[in-house]
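Trainee: Spelled out, the chains give:
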Amino acid sequence: MDTRVSKKKLGLKDRYTAMTRGLHWDTTYQPMDKVFPYDTYEGIKIHDWDKWEDPFRLTMEAYWKYQGEKEKKLYAVIDAFAQNNGQLGISDARYVNALKLFIQGVTPLEYYAHRGFAHVGRQFTGAGARVAAQMQSVDELRHYQTETHAISHYNKYFNGMHHTSHWFDRVWYLSVPKSFFEDAYSSGPFEFLTAVSFSFEYVLTNLLFVPFMSGAAHNGDMSTVTFGFSAQSDESRHMTLGIECIKFMLEQDPDNLPIIQRWMDKWFWRGYRLLTLVAMMQDYMLPKRVMSWKEAWEMYAEGSGGALFKDLARYGIREPKGWKDACEGKDHISHQAWNTFYNYNAAAPFHTWVPDDEELAWLTEKYPETFDSLYRPRLQYLREQQAIGKRFYNNTLPMLCTTCQIPMCFTEPGDATKIAYRETEHLGDKYHFCSDHCKDIFAHEPEKYVQSWLPVHQIYQGNCFKPGTDPSQAGFDPLAAVMDYYEVKVGEDNFDFEGSQDQKNFNEWRGDDGLGEDE
Amino acid sequence: MSVDLHTREIQPLRQTFAHVAQYAGDDKPASRYLEATLGAQSTANFHYRPTWDPAHELFDKTRSAVVMADWQSLRDPRQYYYGTWTMARARQQDAIEANYQFIEDRGLVAKMPEAVRSKASKVLIPLRHAAWGGNMNNCSIGAYGYGAMLTAPAMFHAMDQLGVAQYITRLGLTLDEPGALDAGKNDWLKETCWQPLRHYVEDTLVLQDPMELFVAQNLALDGQLYPLIFGSFVDDHLVPLGGTSVAMMSAFMPEWHAESSRWVDAVLKIAAAESEANRALIAGWVQAWSDRAQAALMPVAAMALDAGAQGAIDDARTSLNARCKKAGITS
Amino acid sequence: MSNVFIAFQSNEDSRPIIEAILADNPHAVSVHSPGLIKIDAPDELCIKRATIEEIIGRRYDLQEIHVSLVTLSGYIDEDDDQFTLSWKH
Numbered sequence: 001m002d003t004r005v006s007k008k009k010l011g012l013k014d015r016y017t018a019m020t021r022g023l024h025w026d027t028t029y030q031p032m033d034k035v036f037p038y039d040t041y042e043g044i045k046i047h048d049w050d051k052w053e054d055p056f057r058l059t060m061e062a063y064w065k066y067q068g069e070k071e072k073k074l075y076a077v078i079d080a081f082a083q084n085n086g087q088l089g090i091s092d093a094r095y096v097n098a099l100k101l102f103i104q105g106v107t108p109l110e111y112y113a114h115r116g117f118a119h120v121g122r123q124f125t126g127a128g129a130r131v132a133a134q135m136q137s138v139d140e141l142r143h144y145q146t147e148t149h150a151i152s153h154y155n156k157y158f159n160g161m162h163h164t165s166h167w168f169d170r171v172w173y174l175s176v177p178k179s180f181f182e183d184a185y186s187s188g189p190f191e192f193l194t195a196v197s198f199s200f201e202y203v204l205t206n207l208l209f210v211p212f213m214s215g216a217a218h219n220g221d222m223s224t225v226t227f228g229f230s231a232q233s234d235e236s237r238h239m240t241l242g243i244e245c246i247k248f249m250l251e252q253d254p255d256n257l258p259i260i261q262r263w264m265d266k267w268f269w270r271g272y273r274l275l276t277l278v279a280m281m282q283d284y285m286l287p288k289r290v291m292s293w294k295e296a297w298e299m300y301a302e303g304s305g306g307a308l309f310k311d312l313a314r315y316g317i318r319e320p321k322g323w324k325d326a327c328e329g330k331d332h333i334s335h336q337a338w339n340t341f342y343n344y345n346a347a348a349p350f351h352t353w354v355p356d357d358e359e360l361a362w363l364t365e366k367y368p369e370t371f372d373s374l375y376r377p378r379l380q381y382l383r384e385q386q387a388i389g390k391r392f393y394n395n396t397l398p399m400l401c402t403t404c405q406i407p408m409c410f411t412e413p414g415d416a417t418k419i420a421y422r423e424t425e426h427l428g429d430k431y432h433f434c435s436d437h438c439k440d441i442f443a444h445e446p447e448k449y450v451q452s453w454l455p456v457h458q459i460y461q462g463n464c465f466k467p468g469t470d471p472s473q474a475g476f477d478p479l480a481a482v483m484d485y486y487e488v489k490v491g492e493d494n495f496d497f498e499g500s501q502d503q504k505n506f507n508e509w510r511g512d513d514g515l516g517e518d519e
Numbered sequence: 001m002s003v004d005l006h007t008r009e010i011q012p013l014r015q016t017f018a019h020v021a022q023y024a025g026d027d028k029p030a031s032r033y034l035e036a037t038l039g040a041q042s043t044a045n046f047h048y049r050p051t052w053d054p055a056h057e058l059f060d061k062t063r064s065a066v067v068m069a070d071w072q073s074l075r076d077p078r079q080y081y082y083g084t085w086t087m088a089r090a091r092q093q094d095a096i097e098a099n100y101q102f103i104e105d106r107g108l109v110a111k112m113p114e115a116v117r118s119k120a121s122k123v124l125i126p127l128r129h130a131a132w133g134g135n136m137n138n139c140s141i142g143a144y145g146y147g148a149m150l151t152a153p154a155m156f157h158a159m160d161q162l163g164v165a166q167y168i169t170r171l172g173l174t175l176d177e178p179g180a181l182d183a184g185k186n187d188w189l190k191e192t193c194w195q196p197l198r199h200y201v202e203d204t205l206v207l208q209d210p211m212e213l214f215v216a217q218n219l220a221l222d223g224q225l226y227p228l229i230f231g232s233f234v235d236d237h238l239v240p241l242g243g244t245s246v247a248m249m250s251a252f253m254p255e256w257h258a259e260s261s262r263w264v265d266a267v268l269k270i271a272a273a274e275s276e277a278n279r280a281l282i283a284g285w286v287q288a289w290s291d292r293a294q295a296a297l298m299p300v301a302a303m304a305l306d307a308g309a310q311g312a313i314d315d316a317r318t319s320l321n322a323r324c325k326k327a328g329i330t331s
Numbered sequence: 001m002s003n004v005f006i007a008f009q010s011n012e013d014s015r016p017i018i019e020a021i022l023a024d025n026p027h028a029v030s031v032h033s034p035g036l037i038k039i040d041a042p043d044e045l046c047i048k049r050a051t052i053e054e055i056i057g058r059r060y061d062l063q064e065i066h067v068s069l070v071t072l073s074g075y076i077d078e079d080d081d082q083f084t085l086s087w088k089h
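Chains as they are written, first to last, in the working numbering: chain A, 1 to 519; chain B, 1 to 331; chain C, 1 to 89.
If you're looking for bench data, these hints aren't it; they were derived computationally from the structure. One thing to keep in mind: the hints can contain errors.
Within a straight-line C-alpha distance of at most 25 Å, the following computed SDA-like cross-link-like pairs (lysine to any residue) qualify [as the list claims (entries may be wrong)]: (1) 13(A) - 11(C); (2) 466(A) - 61(B); (3) 73(A) - 35(C); (4) 9(A) - 64(C); (5) 9(A) - 62(C); (6) 269(B) - 23(B); (7) 48(C) - 11(A).
Construct the complete structure from the given sequences, taking the supplied hints into account.
Mentor: Structure, rendered in structure tokens:
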């Protein structure tokens with residue numbers, strides 16, 4: 001027991017203040033707006049950074065202690081999984097394609113988030129906000145690195161995961177997540193927080209994590225489940241940063257409201273479009289299915305999201321402009337996306353397939369209004385074609401939406417027999433969009449979106465060949481040349497799951513003696 | 001799982017990712033460090049220029065005048081990835097926690113000579129702001145540098161600097177009343193002896209070249225500040241006078257400095273060895289910023305060590321020069 | 001009135017935390033799913049350091065919950081003695 005004359009001891013809040021914003025000073029040898037050049041140009045008005053409420057009050061000591069403990073536990077599981085050949089315990093090798101989608105399309109975003117938060121972690125004038133952003137920056141690096149390590153084991157045994165860093169910058173569908181995050185990162189710091197911390201990490205986060213993680217749990221992938229739980233605890237800190245940031249901006253000045261509303265509209269829609277890939281994964285790529293995309297949307301978007309926007313109404317915030325169309329899409333987007341990837345599986349480094357009868361029945365049950373009338377007939381036709389040796393591969397390239405960069409596979413809200421086409425002209429060129437909302441996003445910042453590196457345009461312009469490729473040679477096969485540029489191994493990474501190396505290997509490793517039963 | 005694996009050959013198809021095998025070969029498993037760091041950062045086909053810096057791409061080599069054929073060659077000898085970094089720091093944190101417990105249980109602060117206690121407070125507390133500058137600068141390198149090989153350890157370094165600032169704050173709160181933190185900030189802002197150092201720090205806050213910033217902060221300044229303060233002042237001056245508790249509470253700092261200097265020196269050594277142009281550029285930065293840091297630290301040394309100041313400053317510069325010679329970055 | 005919730009990994013570390021929450025928050029309801037325990041409560045949920053210390057018989061730092069925390073909802077208020085989730089309306 002301490003017998004000194006007790007001096008005033010600081011409580012948690014005051015200690016944390018001393019440990020963070022108390023370290024800051026307003027510079028005098030260099031002007032403050034030179035030290036912090038980026039935090040006013042977006043038009044967001046901040047009058048008093050002292051009103052910022054620190055979301056979680058972790059000192060670096062506490063951070064190291066608890067994160068160190070989490071890492072120890074996580075790597076113990078990753079190591080055990082590898083030692084015990086845990087990949088043999090998954091439900092069926094088709095599941096691995098969900099992991100491929102994850103490491104190709106989600107893991108690189110963790111790295112982008114790491115760099116983006118480093119950027120805002122340097123640029124905000126408010127020291128409390130800087131510290132929170134910096135902690136998130138290293139958290140995101142954690143996610144990038146632990147995901148890479150966990151999936152490293154799968155990469156040894158399955159195809160479609162060996163060159164993700166090369167694919168992310170080139171392969172057509174990966175420009176969807178890449179452009180999403182680059183849009184956020186190229187925006188100003190306040191928009192970045194609205195896009196990532198709020199729209200993605202608060203509003204939509206459960207729609208990314210729950211499908212992958214519960215999919216992993218139900219399909220025997222304990223390594224991914226463990227990663228998921230471990231990462232989610234970081235996410236709870238990130239969520240609180242997102243909601244604090246929104247509240248802070250809205251409370252600082254009423255002039256901020258229209259700017260923030262427009263960002264919410266934009267980022268809700270871009271985030272929703274990005275989640276198309278997850279919807280497809282959830283409905284089509286999990287041999288043991290958990291819940292449908294529609295159910296997940298109703299629970300996490302309509303349920304939780306609804307409560308959130310009710311709470312924000314007191315600031316004058318309304319639900320995002322695309323909300324109704326996103327809700328309407330819940331019956332459609334997974335099917336439309338799967339069909340697109342089935343079509344273009346020659347050019348995608350993961351496998352697709354037609355669902356079996358049990359799976360089709362599940363889809364009928366989960367989508368009573370749309371599946372049998374709109375999507376089942378197409379899948380059955382594709383299966384028939386495959387059975388007679390004519391597995392369909394689309395040899396042309398799709399039109400992409402300039403904003404979200406997804407192939408134009410989405411239909412008109414209210415009429416799923418019509419592809420939704422929108423277009424606009426800008427400085428003499430025509431631009432195409434999948435929806436009113438993508439078109440509106442373009443309209444507000446055309447000078448940004450005209451810069452897009454659209455994969456299909458780039459292929460047609462001849463920018464997707466390796467140096468030294470000669471398209472004028474006889475017998476030139478452009479798609480093969482593109483696969484070469486992608487460094488996708490044709491016949492290993494791509495094409496249908498039926499007849500794939502993954503399928504053959506997995507059956508061999510598991511043996512023919514009924515070990516397909518799960519424990 | 002009751003699968004009988006003894007009768008089955010389960011051979012891996014590959015040992016690691018292609019972008020790692022490029023460097024490490026594909027005949028054996030790659031280290032976690034390499035898998036976690038190589039190829040992490042995008043290098044091509046960016047979609048939009050940053051609205052906050054349209055003169056550059058999102059990740060852009062031309063932000064630095066240093067030219068590397070391969071920025072991924074800037075390896076960290078410690079081979080930290082997030083897991084090993086946090087676990088190492090957690091162990092250190094445990095040891096410091098034990099030190100604080102030791103000091104509190106025995107009431108060692110109250111037993112410290114008053115002159116020692118108040119001198120420690122006066123010299124160390126304002127340095128939490130210098131460490132805060134180190135946090136901001138390494139965060140800047142982490143944001144605007146090129147390649148994960150450089151920027152990932154830079155972010156670890158930024159958080160380490162925040163840790164240093166917080167350890168100094170905790171030390172201050174243990175040695176003194178909470179009001180001493182405000183007094184220290186006031187000294188940092190107004191006391192004559194601190195102004196050259198504060199000026200130095202603020203000038204680094206506006207440096208745009210991540211590699212120049214790396215030199216100015218991590219080598220030129222910290223390479224002299226740490227030996228001066230935690231070597232000459234705390235260990236050599238305070239401890240003999242009864243200030244062992246201060247050394248125990250600040251133990252993280254010299255230990256961290258020694259460990260991270262290996263990274264700092266390795267990065268500059270590799271960058272300088274790349275070309276004569278790099279070497280000359282880096283050596284020029286080293287000379288200019290080291291001279292200036294030395295001059296900025298002199299009044300702080302004088303306040304801390306009186307007559308011993310010049311000797312301590314010379315020692316700090318000598319040890320920095322030795323590091324630079326070993327790394328091949330002297331003019 | 002809206003629910004706040006907090007979810008933990010189902011393991012040794014979270015056991016006393018869950019017990020403390022259910023003891024201190026009579027309206028809280030816990031739901032188990034594979035590897036996860038989720039606790040819902042109307043409007044507010046409070047975790048008290050003293051209660052946890054009583055259960056485990058040693059000193060406890062509330063920030064230790066980070067090791068097994070998975071996710072949560074609601075606005076957070078924390079100090080050395082308590083960690084509270086609530087919806088301010």
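Trainee: So which of those numbered hints doesn't the model satisfy?
Mentor: 1
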